[in-house]
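Enquirer: Sequence:
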Amino acid sequence: MPKIDFPLALPRRFEVWSYRAPHGVLVLRSDKGADAPTRVDVVFRAVSEVKLATVMTNLVVDRAGGAYTLASNEMPDAYVVAANALVFEDDLEGGQPSVAEDPALERHVIRSLYHHRY
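Anchor point for the sequence shown: position 45 equals 45 in the UniProt record's numbering, and the numbering is continuous, going up by one each time.
None of these hints come from the bench; they were simulated from the model.
Here the structure is a predicted model, which means the values were calculated and not measured.
Careful, some of the hints might be misleading.
Said to hold, decoys possible - Derived pair list, reagent style DSSO-like, types lysine-lysine, alpha-carbon separation capped at 27 angstroms:
#1 K3 x K32
#2 K51 x K3
#3 K32 x K51
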């Protein structure tokens, strides 16, 4: 899996899709649509702190200190403190689990990227 080249610009509409407290997994999702034939999940693992908008358009993910910064039309100063970040672009439907949560879905991945902070 290739590494994320920061800053990573994702010119789509993302929503906070899920957060699983036991493992600190946060998923931001951009579903398929008329102008986007694929689904994109941005996944943060071992999350310890967040400041986010629930909807983020034209998302740009970058690194600053010990955090991932997230700038969007709605909130230019969002961030996530997490151990790593992954991006999965796939052909799955919106209601299906993230590839990060179900490795059996890996055959649907079109593109994937990662970054480990530690």
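Enquirer: State for each hint whether it applies.
Expert: Hint by hint, here is what the structure shows:
no.: 1; hint: K3 x K32; verdict: holds, 24 angstroms
no.: 2; hint: K51 x K3; verdict: holds, 24 angstroms
no.: 3; hint: K32 x K51; verdict: holds, 25 angstroms
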